[in-house]
Amino acid sequence: MVTFQFIPFHEIETLSSAKRVNKLLNIVKEDKIVIMEGRLKKEEEADLIEITMEEISPKFKGIELSVIYPDKNQQDVRQKIRGAFATFLLGDRQGLTIIGPASVVKKIEKNPDKIELFTQEINGKQKRYRSKKKRN
Amino acid sequence: MGFFSNLLSKIKFNPFARKSHIKLGLYGPPNGGKSTLANRICLDWLGEEMSTVSHIAHETREINIKEQLNIKNKKGKELTFSLVDTPGIATRIDYEEFLKKGMKKAEAKKRAKEATKGVIDSIKWLDTMEAVVVVLDSTQDPYSQVNITIIGNLQARNIPVLIAANKIDLKKSNLEAIKSAFPQYKVVGVSAKYGKQIDDFYEQLFKTV
Numbered sequence: 001m002v003t004f005q006f007i008p009f010h011e012i013e014t015l016s017s018a019k020r021v022n023k024l025l026n027i028v029k030e031d032k033i034v035i036m037e038g039r040l041k042k043e044e045e046a047d048l049i050e051i052t053m054e055e056i057s058p059k060f061k062g063i064e065l066s067v068i069y070p071d072k073n074q075q076d077v078r079q080k081i082r083g084a085f086a087t088f089l090l091g092d093r094q095g096l097t098i099i100g101p102a103s104v105v106k107k108i109e110k111n112p113d114k115i116e117l118f119t120q121e122i123n124g125k126q127k128r129y130r131s132k133k134k135r136n
Numbered sequence: 001m002g003f004f005s006n007l008l009s010k011i012k013f014n015p016f017a018r019k020s021h022i023k024l025g026l027y028g029p030p031n032g033g034k035s036t037l038a039n040r041i042c043l044d045w046l047g048e049e050m051s052t053v054s055h056i057a058h059e060t061r062e063i064n065i066k067e068q069l070n071i072k073n074k075k076g077k078e079l080t081f082s083l084v085d086t087p088g089i090a091t092r093i094d095y096e097e098f099l100k101k102g103m104k105k106a107e108a109k110k111r112a113k114e115a116t117k118g119v120i121d122s123i124k125w126l127d128t129m130e131a132v133v134v135v136l137d138s139t140q141d142p143y144s145q146v147n148i149t150i151i152g153n154l155q156a157r158n159i160p161v162l163i164a165a166n167k168i169d170l171k172k173s174n175l176e177a178i179k180s181a182f183p184q185y186k187v188v189g190v191s192a193k194y195g196k197q198i199d200d201f202y203e204q205l206f207k208t209v
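The listed protein sequences derive, respectively, from chains A and B.
Numbering-wise (the working numbering), the first sequence opens with residue 1 and increments by one.
Numbering-wise (the working numbering), the second sequence opens with residue 1 and increments by one.
Hints in this document: simulated from the structure, not taken from any laboratory.
Errors might be hidden in some of the hints.
As a list, the in silico DSS-like pairs of lysine-lysine whose alpha-carbon atoms are at most 30 Å apart [claimed, not checked]:
1. Lys101/B with Lys23/B
2. Lys186/B with Lys107/A
3. Lys61/A with Lys109/B
4. Lys101/B with Lys61/A
5. Lys74/B with Lys106/A
6. Lys124/B with Lys29/A
7. Lys171/B with Lys110/A
8. Lys107/A with Lys104/B
9. Lys113/B with Lys110/A
10. Lys29/A with Lys80/A
11. Lys59/A with Lys104/B
12. Lys110/B with Lys29/A
13. Lys124/B with Lys41/A
14. Lys74/B with Lys193/B
15. Lys109/B with Lys59/A
16. Lys114/A with Lys42/A
17. Lys107/A with Lys105/B
These numbers were taken from a predicted model, which means no experiment stands behind them.
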């Protein structure tokens, strides 16, 4: 079973960068896939990778991360102004961020039109688990 | 101006001179060919390699620096820089992947641990770079979040970026995919392994820096 947890933007809006990143990472470490409204700042994305690396262990193998964001090159002037105004008033709520544990999410493929999330094969996992049991 | 410029250069202060010695970083995901490109540059201009390369990801796990590289373009213009070969940036590191490549468990775990430290170092060093070549494997999907995060962070720091779409000698190479993923940046196709289009790369490097 795969669990998704939705994080609305207002839940992280007032948090500092470090707290934001830690909150998201703690959910991911519970083997849940985070779907967050909006996106992290570019520096926070780098921090997320950095902190993930610090947490890597035989049990936690890292994350898969993907951000869906409107292509500003394809927006007309009116859309750009409206977007900038909304960001100024409410924060950058545009887009969607998906973060999943590497043990659950195999890969997230993205192209301008679609996003595909591939989970690890359940059968493969069961096989590995069984082989561990035999060794014991 | 020429007289004053010469005079000031003799007393090691020249406000008219362009900055000619910079720190140039090679960044990108693992196995994109950063170390192969670093070796190609060093072989072309110093006659020796600087990094070890491997088909197994995370071969480079420490920052490697080659100081005082001096390259010339066709017009005779010179560029001196320190070349910084960085470990590949990844969001996941699983020692079991190294086991599949034939490594022993202890060696695989050690490599994974060193690789995580390498990623952290690469990110920390971003702030010290004055120009960056992002080396991408042109046979892979360019829309990976790691690529976007690296380039986004360079953009946020106002660091000049050149994208080297490596491995153009391979059949699956798709240079256009990288160009359309990052239309705001100059993308130059190159085969670091065989030196294909390396002169174009050097020309673009001069323009970027």
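Hints, one by one, checked against the model:
1. Lys101/B with Lys23/B: Distance ~34 Å between lysine 101/B and lysine 23/B Cα, so the pair is violated.
2. Lys186/B with Lys107/A: Holds: lysine 186/B and lysine 107/A sit about 28 Å apart, inside 30 Å.
3. Lys61/A with Lys109/B: holds (12 Å)
4. Lys101/B with Lys61/A: holds (17 Å)
5. Lys74/B with Lys106/A: violated (47 Å)
6. Lys124/B with Lys29/A: Status holds; Cα separation ~24 Å.
7. Lys171/B with Lys110/A: Holds, because 22 Å separates the two Cα atoms, which is no more than 30 Å.
8. Lys107/A with Lys104/B: holds (26 Å)
9. Lys113/B with Lys110/A: Holds, at about 29 Å.
10. Lys29/A with Lys80/A: Not OK: lysine 29/A and lysine 80/A at ~36 Å, beyond 30 Å, violated.
11. Lys59/A with Lys104/B: Holds, because 18 Å separates the two Cα atoms, which is no more than 30 Å.
12. Lys110/B with Lys29/A: Cα-Cα ~22 Å, so holds.
13. Lys124/B with Lys41/A: holds (17 Å)
14. Lys74/B with Lys193/B: Judged against 30 Å, a Cα distance of about 22 Å means the pair holds.
15. Lys109/B with Lys59/A: At roughly 12 Å apart (the allowed maximum being 30 Å), lysine 59/A and lysine 109/B satisfy the hint.
16. Lys114/A with Lys42/A: holds (22 Å)
17. Lys107/A with Lys105/B: Given pair lysine 107/A, lysine 105/B holds - Cα atoms ~24 Å apart, limit 30 Å.
Checked against the numbered hints above, the structure breaks hints 1, 5, 10 and satisfies the rest.
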